[in-house]
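We have chain A; now place chain B onto it with these hints.
As given, the protein sequences belong to chains A and B, one line each in that order.
Going letter by letter, the first sequence gives residues 20 to 242 in the numbering used here.
Going letter by letter, the second sequence gives residues 115 to 449 in the numbering used here.
Derived from the structure by calculation, the hints contain no laboratory data.
Hints may be right or wrong, so weigh each one.
What the hints assert, rightly or not - The calculated label-pair distances, taken between Cβ atoms and stated as ranges, are:
no., chain 1, residue 1, chain 2, residue 2, range
1, B, D132, A, R199, 34 to 40 Å
2, B, I135, A, T115, 51 to 57 Å
3, A, R175, B, T282, 49 to 55 Å
Claimed, not checked - Part of the chain A face toward chain B, derived, beta carbon under 7 Å:
no., residue
4, I35
5, A36
6, D57
7, M64
8, L77
9, Q78
10, E79
11, R81
12, V83
13, L124
14, G137
15, Y165
16, L216
On a predicted model such as this, the values are computed, not experimentally measured, just so you know.
Even for Gly, the Cβ is constructed at its ideal location relative to N, Cα and C.
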Amino acid sequence: MNSLETHVLRLIGENIASPDVYTDDDTGLAPIRASLNDAIEELCMVTGHYRRRYFLALQEERPVYRLAPENDYMGWILNVWDRSNHRPLEMTDLTTLAAVDPWFLKLNGPVTHWYQMGWEHVGFYRRPASKGTVLEMDCMMVPRPYTYSTEPIKLRDNWQRGAVYRAVSDYHAIRGDAARATEYYQRYLEIAGLMSLNPLGPERFWQFRGGPNNDLGRHINQD
Amino acid sequence: MTWADILTRIRRYLRDPDGDIWTDADILTLFNDAALEIAIKTGLIIRVEAHYYPPEFDYSYLYDWEKSFTEGTPDQALNVNQVREGNVITYPWEVAYWLDEEPSADEGNRFIHGFESEYASPAEVVKIPLHAKFSKMKFVGWNEEPIDHRTEAEIAAADGFYRTTQGTPAFYYHPDQQHNQIIIYPRPSVTWQDTDHTEVLDDDGNGMITYDEGWLDIGDLGITYDVIDAEEALFCVYEAYPVEVSELEDEPDFAPYITKYIEAATLERAFGIDSDGYIASLRDHWKFRKDVGIEAIKKWRRLGLTARTYRLGGNLAPKRTRTPQLPADQYVDKY
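Okay, chain A solo, but in the shape it has when bound (with noise of 0.2 Å):
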């Protein structure tokens, strides 16, 4: 048992020393765990926090890859350096290429520019004429779930609290208590610094007095 386990067992009630219900093992753990993972997916997912440097070796002229990252779910490419050459490539689309030079995907050349479809779908323009180009890309991921309780937590502390938090709300919604799940889920949102992702908070009117009651309780009397 981790210590965010043990954080989510000891605000859900449960005995640390001696668990009843979430035993000590992989099995009885899982739910917490499913719930501990998918809040630092979300985490990772809303903040880019957690990323990876890959090498891609480019086949012969070849302008187009899918890639499947083994320890990680593929997220977005963030920076692309040719190593060979020292220096960048930049970010473009698919229509900028298409516009600017429609032999994009046919020309050879140097590799100067990338381009991301989708999640999973890469290409690179120009299309190297032969083998040996080898790219380091920086991506933006997300960690596959974590499966026992030594395994590192790709999480930052600081949202480490949000996570148990996230856990707990599920705990309260599979008793079917739906206040204590909706108060701990916005208590994951405050303190991930996520509430923006709330989206009835943009819907609050700021007002220093009146408001739009009164506007409407005005006409309704004056009606």
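Coordinates of chain B only, in the frame set by chain A:
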């Protein structure tokens, strides 16, 4: 993550492990419904494919009613499909024949399937079936060159023989929305292919960079990749609807880390059904989670543009030298 895994998670949240209120079929329907909602609201499923020409298909059918019995990518055979008294009309002159009038001339040969058009001078266009879940086209290229969209009316106005004109494709159009096909104009000469456009370079699961300590059960693995070859093929990039899951081993089209938002939308629907399982507060809670999730996905998509440099014109910013220097032609280097 398979449908079996997802079903277990959803049943845990529903507190209905034995299916006393919601059957597996109920949850499956709600999940596919929710997946469609998330896909439409986020546009997250992008497919990149190279299609053969002449087109390939899984099933060929003749009558409209037969389509519902096909699987995969179906293709409607023949060029003319009007039916009169149970008889399918294949050639335009048959219409005149049924009215006891003089036969009408045709311009070339009629064909049943698209690939047959390459053995004769076809009288009709060759329709290319698209993926059954095609939604919006983002890019089309033929033989590694982009081709543009035009309406059939625009092409017909410019070329009265557009159905039989042969050449290098420059445009494409959709004949209608119902049949989910595109037609490229002019019709290319045949490019028979027997190789797969997606070349799997490393399918043993090890990745290009591998570090694996088997005795510790710990490993750091790199990245595997495939190459997509667009030469003499129809290269398509498009937004797609999700393929419905149906079997326990099926996996949704979404990345696994998106699945929890589809689960939230499924739970919103399940708790909202007017049955013994109706709980308004939990329906609202899961709707709240779904809405937050959709915003999270949108923010995630915006992060994909982090590296983009926007500018009105010109090229990359001028490179800076490593150390500041004065212009050599304006300053003497010795006194």
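Taking the hints in turn, this is what the structure says about them:
Our hint of 34 to 40 Å for D132(B) and R199(A) is violated, since their Cβ atoms are close to 25 Å apart. Checked against the given bound of 51 to 57 Å, the beta carbons of I135(B) and T115(A), roughly 52 Å apart, stay inside it. At about 54 Å, the CB distance of R175(A) to T282(B) agrees with the hint of 49 to 55 Å. Taken as an interface hint, I35(A) does not check out: its beta carbon lies about 22 Å from the nearest beta carbon of chain B, beyond 7 Å.
With a least beta-carbon distance of about 25 Å to chain B, the hint placing A36(A) at the interface is violated under the 7 Å criterion. For D57(A), the interface hint holds, the least distance from its beta-carbon to any beta-carbon of chain B being 5 Å, beneath 7 Å. A least Cβ separation of about 4 Å between M64(A) and chain B falls short of the 7 Å threshold, and the interface hint therefore holds. For L77(A), the suggested interface contact is broken, since its CB lies about 9 Å from the closest CB of chain B, more than 7 Å.
Below 7 Å, beta-carbon pairs count as interface contacts, and Q78(A) has one with chain B at about 5 Å; its hint therefore holds. Restraint check, E79(A) versus chain B: the minimum CB separation of about 10 Å is more than 7 Å; hint violated. The criterion of a C-beta within 7 Å of any C-beta in chain B is met by R81(A), whose closest approach is roughly 4 Å, and the hint holds. Against a cut-off of 7 Å between C-beta atoms, the interface hint on V83(A) holds, since the closest Cβ of chain B lies about 4 Å away.
Nearest Cβ of chain B to the Cβ of L124(A): about 4 Å, under the 7 Å cut. The hint holds. With its C-beta approaching chain B no nearer than about 3 Å, G137(A) sits inside the 7 Å limit, and its interface hint holds. For Y165(A), the suggested interface contact is broken, since its CB lies about 11 Å from the closest CB of chain B, more than 7 Å. Of the supplied interface hints, the one on L216(A) holds, with its beta-carbon coming within about 4 Å of a beta-carbon of chain B, less than 7 Å.
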